[in-house]
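Peer 1: Listed below, chain by chain, are the residues.
2 protein chains.
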Amino acid sequence: MVTDSNAFDIDTPALLIDLDRVEKNLATMQKKADTTGALLRPHIKAHKIPELARTQIRLGAVGVTASKVAEAEVMADAGIKDIFIANQVVTTTKLKRLAALSKRVKVSVGLDSAAGAKILSDVFSAAGKKIDYVIEIDSGLNRCGVPPGLPAVELFSAIKQLTGLRFKGIFTHAGQVYGKQTLEDVMAVSKLESEIIVETCNCFKDVGVRPEVVSVGSTPTMRVWNGCAGVNEIRPGNYIFLDAIQIALGVANPQECALTVLATVTSRPAHDRAVVDAGSKVFALDKGAHGKEMLKGFGLVLNKNAVLERLSEEHGVMSLDSKEKLEIGETVRIIPNHACPVINLSDKAYGIRRGKVEAELLIAGRGKVQ
Amino acid sequence: MVTDSNAFDIDTPALLIDLDRVEKNLATMQKKADTTGALLRPHIKAHKIPELARTQIRLGAVGVTASKVAEAEVMADAGIKDIFIANQVVTTTKLKRLAALSKRVKVSVGLDSAAGAKILSDVFSAAGKKIDYVIEIDSGLNRCGVPPGLPAVELFSAIKQLTGLRFKGIFTHAGQVYGKQTLEDVMAVSKLESEIIVETCNCFKDVGVRPEVVSVGSTPTMRVWNGCAGVNEIRPGNYIFLDAIQIALGVANPQECALTVLATVTSRPAHDRAVVDAGSKVFALDKGAHGKEMLKGFGLVLNKNAVLERLSEEHGVMSLDSKEKLEIGETVRIIPNHACPVINLSDKAYGIRRGKVEAELLIAGRGKVQ
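Quick note, the sequences are listed as chains A and B, same order.
In terms of numbering that gives the first Met the number 0, the first sequence is residues 0 to 369.
In terms of numbering that gives the first Met the number 0, the second sequence is residues 0 to 369.
Please note that a few of the clues may not be correct.
Chain copies aren't distinguished; within one or between two, either way the pair holds.
[To be verified] SDA-like, lysine to any residue: derived pairs with alpha carbons at most 25 Å apart: (1) Lys31 / Glu359; (2) Lys80 / Ala157; (3) Lys31 / Asp81; (4) Lys355 / Thr92; (5) Lys102 / Val356; (6) Lys295 / Ser120; (7) Lys286 / Gln180; (8) Lys117 / Asp10; (9) Lys80 / Lys167; (10) Lys355 / Asp8; (11) Lys179 / Glu292; (12) Lys347 / Arg365.
Treat the hints as calculated values from the structure; they're not laboratory data.
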């Protein structure tokens, strides 16, 4: 059983962020970047909190990664000067906002098709500008991206004449790692990602092109990574908090997890059942990432022999060892399965240190889907 | 294949609410309440939108149901005068807010334990007030609530002397209906709920007590319900929009579904794969209610032979019939599996009528978990 204080004088459900652990997690990854010779560009989707992004920069991150233009805007407002949107941007409204954003801060954007490239270029070339683009390579997630190797170079060649674009490099996200079961599997995905990078860089070399940025990233692969020739940027996100999925993958332990949910028991309808005031509106329904089912419960309950078995929107139903005492009004503390959507569901979190609330942190990037 | 217009001049991802369908769904349920002799007290968790709550009242609803004090506060701010919080409220901060709310509007609250009753009563009796409470009966969901029949009367008797409480009635939510597979199963749950109500009311009758309110509710059971002696209030929520889960249960058809997600294709990495700009941050991960797995995809794609197979936070991955043409930049429209969490994830929705945007609707009750 994992234990930690759950005596906080705040109403529930509430998100607690252990600031000591955050700082340790950030320093560990920054050190990994420094020792492997890569720049760190953390994905802020994991926390969406301006203060934490600024801390990442202060500790040495070159800039941040965002998912959407709206997330990038929040980070620019927070004073971040260099933002990569690791996603395709194709709608007119967003492209206009992207153009406006590029006047304020350094922005680059993902790209995986000639059609998308033309849409992007048209907006920038009409304004007499260029936007930095980074080609997305599919390293096995089968989501977006061009296949590794030659196809990336072919896309580069096909769009070379577009006047609104400037080639910046290539990026991968080996998100399939979240479907793995063991640390060995995680390491195999990390190895595959490196091989794909080397293969693709070689294809670019054959045509005399050296991508300025070669970027990889996911927290599990980065936690086991020891560098790779050619890779000069890493983009983990979740590493700031870690969570029950990372524990299950073998790349984190509960004592490193920095985000927890504080909840209150509202009902004790049976000796082996306790209901808390946090359901899927707090925890989300993730039992793995990318929709995969990895875990049995919906979070790791601290201090109690209990499983968070079922979630309705406002109720968390825990099955309880019948010897456990747990009364109505008592609080419980739970490490969520997947920290990222938990952050996205709340407006604020409490920064805690050594059992005391130190700060209220506004999740300014919450809900920014456009 | 279900079809509908997807030509809207708004950025994506966006929630569309078909106002004609909403009005029809509301009128249908109001008529059911009227003809069965029950009052309608819709659960606003499904929409969380002040304007829609006011429409429900205007059409004949006696008041609304909310999940949390914070949701009730939003509804009180919206001018709703009679609010039932169908949940246990036990924390000090929330009880103070509940007391303040009870000075503004008529409020009642759920209760399922003597311990919870004492906590509740203490706050109100200290202020020389009484709060109306409604005993929650577990009608098979195995979440909160006392068992049907005698235990409800026993709880009533055990807390009778508490001076801060006033007994108002009993309520059930047969949410287990969302785990059913056929319309016959849905009808069986509805029948069971009625039997439980009759049994419990008889137990109260034996001690000379007549609950003022006897309240049942869930959209599937209410859609097949034809009244029940003793029940005088119904509390469906989802019926305002309906969704792919309701279709799967056999209690709705796609032409009745009023909430859809408009998304844009951002990537076409393979002939049978299209990626849209809406993922789990828009759709949530529900494949059934209460965490059950009922459906294969994450929503019902209109106008295309396509399945929304996988969701990452910002990506929806559709598998596509290879004959389907679907270009980067094109929009798709999708009926979500579960409308309620979709509403909770967005700040606003667009009210549409006959293919045109008519109104922007602020989801003022979003994220109100306390």
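Peer 1: Look at each hint and say if it fits the structure.
Peer 2: Hints, verified against the model:
1. Lys31 / Glu359: neither (29 Å within a copy, 47 Å between copies)
2. Lys80 / Ala157: Result: close neither inside a copy nor across copies, 30 Å intra and 63 Å inter.
3. Lys31 / Asp81: The answer is within: 21 Å in one copy meets 25 Å, while 58 Å across copies does not.
4. Lys355 / Thr92: This pair counts as between: shortest inter-copy Cα distance 18 Å, intra-copy 44 Å.
5. Lys102 / Val356: So Lys102 and Val356 fail the 25 Å test inside a copy (38 Å) and across (32 Å) alike.
6. Lys295 / Ser120: neither (46 Å within a copy, 38 Å between copies)
7. Lys286 / Gln180: both (13 Å within a copy, 23 Å between copies)
8. Lys117 / Asp10: This pair counts as between: shortest inter-copy Cα distance 19 Å, intra-copy 51 Å.
9. Lys80 / Lys167: Within. Shortest intra-copy distance 17 Å satisfies the 25 Å Cα cut-off; inter-copy 59 Å does not.
10. Lys355 / Asp8: within (9 Å within a copy, 49 Å between copies)
11. Lys179 / Glu292: both (11 Å within a copy, 21 Å between copies)
12. Lys347 / Arg365: both (9 Å within a copy, 14 Å between copies)
Checked against the numbered hints given earlier, the structure breaks hints 1, 2, 5 and 6 and satisfies all the rest.
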